Amino acid sequence: MTTEMSHVAQLAVFIRDTNDNFQLMEELLQVVPMQEKAGADEFLSHFVHPVNRLKLLMEKMVGFVNDGSLVSIVKNNGIVATLKTQ
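Quick note on numbering: the sequence shown equals residues 1 to 86 in our numbering.
These are computed hints drawn from the structure, not numbers from a lab.
Remember, predicted model here, so these are calculated numbers, not experimental data.
All C-beta atoms in this analysis are idealised placements derived from N, C-alpha and C, irrespective of residue type, glycine included.
It is possible that some hints are incorrect.
Said to hold, decoys possible - Dumping the calculated DSS-like pairs for lysine-lysine here, alpha-carbon to alpha-carbon at most 27 Å: (1) Lys84 - Lys60; (2) Lys37 - Lys84; (3) Lys55 - Lys84.
To be verified - Ranges between beta-carbon positions, derived for each pair: (4) Met34 - Leu56: 32 to 40 Å; (5) Asn19 - Ala81: 29 to 37 Å; (6) Thr85 - Pro50: 18 to 26 Å; (7) Ala9 - Val48: 17 to 25 Å.
Just need the whole structure built from these sequences, with the hints factored in.
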């Protein structure tokens, strides 16, 4: 038995919504193992796929939470900048 642990970056995609009675609901859509040097395009493809699968409207999205990583916040081509154009 070994105590060595490998570290795999993971992307967890959650959705938080309210129903007609304004009750808050939160659901984990998917957890995806990511490459160590994943770029904004890879992150976005893993985010957009479950959103499209559930037929959610991107224009109704009011927030995006991230860990502050560089790929998330780069001004012109990061995840946040790209989501603003969706």
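Inset, instruction - Identify every previously stated hint that the structure contradicts and give their numbers, smallest first. - result: 4
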